[in-house]
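Chemist: Listed below, chain by chain, are the residues.
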Amino acid sequence: MDTEITLRVDGAAHPLTVDTRTTLLDALRERLRNTSPKKGCDHGQCGACTVLLDGRRVNSCLVLAVTVGDAEVTTSDGLAADGQPHRLHRSFVEYDAFQCGYCTPGQVCSAMGVLAEARAGWPSAVTGDLDDADVDLTDAEIRERMSGNLCRCAAYANIVPAVAAVAQAEGVRR
Amino acid sequence: MREFRYEQAPDAAGAVALLAGAPGGAFLGGGTNLVDLMKLGVATPDVLVDVRELTSREITDLPDGGLRIGAGVPNADLAADRRVRERFPVLSQALLAGASGQLRNRATTGGNLLQRTRCGYFTDVTKPCNKRAPGSGCGALEGVHRNHAILGQTLEGPGTCVATHPSDMAVAMLAVDAVVRVLGPDGERAVPIAELHRLPGDDPSRDTTLRHGELITAIDLPALAFPSRYRKARERASFAFALVSVAAALRVEDGVVRDVRLALGGVAHKPWRVQAAEQALVGGPATEEAFAAAARAELDAATPLRDNRFKVPLARNLVVRTLLDLVEVSR
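Chains as they are written, first to last, in this note's numbering: chain A, 1 to 174; chain B, 1001 to 1331.
To be clear, the hints were calculated from the coordinates, so they are not data collected in a lab.
Please note: incorrect hints may appear among the correct ones.
Calculated cross-link-like contacts (lysine-lysine; reagent style DSS-like; alpha-carbon spacing at most 27 angstroms) [said to hold, decoys possible]: (1) Lys1127(B) x Lys39(A); (2) Lys1127(B) x Lys1039(B); (3) Lys1039(B) x Lys39(A).
A quick note: this is a predicted structure, and the numbers were derived from the prediction, not measured.
Excised from the complex, chain A in its bound form (with noise of 0.2 angstroms):
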């Protein structure tokens, strides 16, 4: 059933006419020809697809484009401001932090998600005690946080390092 919907997607707004059953992920790789968040699994378990929606970070393949209303979505790409590549995208590739690449842009995404809750002072499963105020994203931290996104070339070694860096800069990682 056909639905006129407008997406805004990395600072461009898209008129578009979709079925209801289509995905915000359909939806940026198919209509938009945004290629940056892929599709791994499609049932929210790999994190391939990761997008930020409003600034937070979710599944775009559990998403239906109907429902994303005026959220402004920001895709890896969109990350790049100008062209340059953001902090995170030059950590990853600092650390090499990826083999086949396809995982990368979800997992920068993640990673953007994973330092604002940090910011925000988000507890995790891993954060031992629920009352400290402040966030210290130690490597146990970074992994559990990160769980969402899977790596079958397994970057994992060099991924935690990459987000690490970044963390450390930007205060949330002692």
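Given the structure of chain A, go ahead and fit chain B onto it with the hints provided.
Modeler: For chain B alone, kept in the frame of chain A given last:
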């Protein structure tokens, strides 16, 4: 995915009215479970009424020191709320032990209660499943059932079902006696969470006692004046459903159990209140031996399957360990 009409309403009452007129329709919250089930062909609504923005996203204080959680509050926000972390750590811990950061951002409190089993036979439309296709049989009974129920299953007849309820959050809410506020075509009602989820009985197709068109609008948590904790055993360190989980709250005075709340996850078709153990414990010593005996009193009724017998000692040990942790923090 089956075609559907997408509807928005001005308010919760409007959404309820819309769904009342759509017998094949469903409410859509965060969609993290429903959209997936629609892709799999397990859920086939012809109308979706979007309630994510209609139900409250606020957490408000109740006069008794408890909290009212709007059904639209995302799981992530609920887990991080300062009052929840201080007053109901069991709930924060349960939420943080479930799903992933992305899913918790999108999933709602109301939707979390209504998520459906992850039984592999339920989610595969080519397999028999009495929950999805009543009368087709239960593939799990003699099949792959390591993660399945050990209590309260229906083990024979047309209602055969050994599925578990997947929510961590609901287990914590059961332990703290949450009350689910529901709006339906006939008005509002309050459902104690213990009466929300049901056992398969002779109709495993129904997970809850809600009627079509009834919308969860909020969950009330009565004040809890003693320490609480959630502990979960799973097959990987993160982002996995529970094999067994325990939500517990314990009040100990001079080494004597004065009050205890215990609920188990991953063991039954619904979050399982451990009443026999609670009754056995109150007034007795807060010791490892007493905790183990109480857990055994409950688990004596277990009817594990061929490949999930490990859940019985796992549940017992988790109960004992969690209660001992609570004794420690009570000192």
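Chemist: For each hint, tell me whether it holds in the structure or not.
Modeler: Each hint tested on the structure:
1. At most 27 angstroms may separate the alpha-carbon atoms for a hinted pair to count; Lys1127(B) and Lys39(A) meet this at roughly 26 angstroms.
2. At roughly 16 angstroms between alpha-carbon atoms, Lys1127(B) and Lys1039(B) fall within 27 angstroms of each other, so this suggested pair holds.
3. For the suggested pair Lys1039(B) and Lys39(A), the alpha carbons sit about 14 angstroms apart, so the restraint of at most 27 angstroms is met.
In this structure, none of the earlier numbered hints is contradicted; all agree with it.
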